[in-house]
Every structure is written in C-alpha cells, then in structure tokens.
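Peer 1: Please work from the sequences and hints to get the whole structure.
Okay, here's what each chain looks like letter by letter:
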Amino acid sequence: MSDTEKLVFMVTRGPGEAELATIPFVMAAAALASDVAVTMAFQGDGVELMRAGVAETVEAPGFPPLAKLLHDVRDLGGALLVCTPCLKSRGIAAPDDLVEGAELVAAGRFVVEITSATNALVY
Amino acid sequence: MTTTATELEAITDAAVIDARGTACPGPLLEAKKGMTTVPVGSTIEIWSTDAGTKNDISAWSGKVGHDFLGVLEADGYERVFVVRRK
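Sequence lines, in order, name chains E and H. Here the first sequence is numbered in my numbering, starting from 1 and rising by one per residue. Here the second sequence is numbered in my numbering, starting from 1001 and rising by one per residue.
If you are wondering where the hints come from, they were derived from the structure by calculation, not from laboratory data. Watch out, some of these pointers could steer you wrong.
[Unchecked claim] With a cut-off of at most 30 Å between alpha-carbon atoms, the simulated DSSO-like pairs for lysine-lysine come out as follows: (1) Lys1033/H / Lys6/E; (2) Lys88/E / Lys1086/H; (3) Lys88/E / Lys1063/H; (4) Lys1054/H / Lys6/E; (5) Lys6/E / Lys68/E; (6) Lys88/E / Lys1033/H; (7) Lys68/E / Lys1054/H; (8) Lys1054/H / Lys88/E.
Peer 2: Rendered as structure tokens:
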C-alpha cells in the first residue's frame, strides 16, 4: 500500500439508487488493486448500504453485485466509516445492525480523512 | 514496451487468469490476485469479455509497476498480457 496516495469516497446514495450506490465500490476496489489506500465514508441514505443484509439486495445492471464488491473492498483493506447521526435518524441500531468492518464515526473523523487524502469523490 | 501480435502468440508459458464473464472491476481484481501466484518476471494472461479491460489493465500495469505487453483478440474475448515486475 502506498504511503502517499489515498482516496476518500463519500457515499450518499442508498439501495434505491443502485447504480450510484455501486459505482463508488467499483472505484474503491480498483483503487485498492492499484495500491491506493481507500476510505469509504457513508452519509445520508448511503448508511443504508452498511446495514447488514442490504448489500445483498443491490445489483445494478452491468455491475457486479454490491455484496461482492463490499467483500472485495474489505478484503483489500478499505476502511468503512459510517456517519453516526445518519444511522440514528434512520433508526438503525449501531453497531449491531451493521456489516462487519463498519466503523462508527462523526464529522471530525470525516474531516481528518478528507484533508489527509489525495482526493475525495462524492457520490 | 511494444510487443507484436506474433510475439504475443509465441508466449506459451503465461499463467492464464480466466476473468471472462466478470464485470468491471472483476478482471482487474483477478489480475491483481493472479500476480501473486507467479514469480517476478513471469507473464500472466488475463482473459476478459469486458470491453474496458485492456485499457484498465494497461493503466493499472503502469501505475503499480508491471509491464503491459499487449492484447490478442480471441473468439469472443480478449487475452491481455502482463509481466510481473515486483
């Protein structure tokens, strides 16, 4: 893993927007395969993707299933940071209802991740 | 590095990574995984039906430090050749 390159993917789309929910995972997996560190940051409806069992329901035409991509991102070392207030407002119990590897954070941690990254992309 | 089609055809000892039927980024992830199965200096040959793979693997090879040799068209898929360099 490179010491100098990191991408942050801000994921704000939920399972109802399968393509835009999937693309950041595609990009994250490709970045990790290219020795670029990755942090995925889930906010808004994006936190729904971190609810256990939801990824298994999302598959956009032309893309791999989201559950496969989530597995790849985790397997390659990507970080999964989830907005705690966004979970609370949706009634998602944390951490019990979340996928393995999801980390509960708030705005300060997101800011640190973004300011330390090579670039941040918002989906 | 430029390798002619004739030279690519002459490569008979490449490790084949069959990623046919997988969508982006599947072939790239399979290539990365496949690289770990061969010694440095060895060639892998990724088979893909995804139209973006040849550009993807070419860019990835340059990024991570492998040698992209080129592509051969096969029957309904592409054979993408890369030499492991690290």
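Peer 1: Hint by hint, note whether the structure agrees.
Peer 2: Each hint tested on the structure:
As the CA atoms of Lys1033/H and Lys6/E are separated by approximately 21 Å, the hinted pair is consistent with the 30 Å bound. With a CA separation close to 46 Å, the supplied pair Lys88/E and Lys1086/H exceeds the 30 Å bound. For the hint linking Lys88/E to Lys1063/H, the alpha-carbon distance of about 40 Å lies beyond 30 Å, and the restraint is violated. A hinted pair counts as satisfied when its Cα atoms are at most 30 Å apart, and Lys1054/H with Lys6/E qualifies at roughly 24 Å.
Restraint check: the Cα-Cα separation between Lys6/E and Lys68/E comes to about 22 Å, which is no more than 30 Å; the hinted pair holds. For the hint pairing Lys88/E with Lys1033/H, the CA-to-CA distance comes to about 38 Å; that exceeds 30 Å, so the pair is violated. A threshold of 30 Å between alpha carbons decides the hint, and for Lys68/E with Lys1054/H the separation of about 22 Å falls inside it, so the pair holds. A C-alpha spacing of about 44 Å is found between Lys1054/H and Lys88/E, which places the hinted pair above 30 Å, so the restraint is violated.
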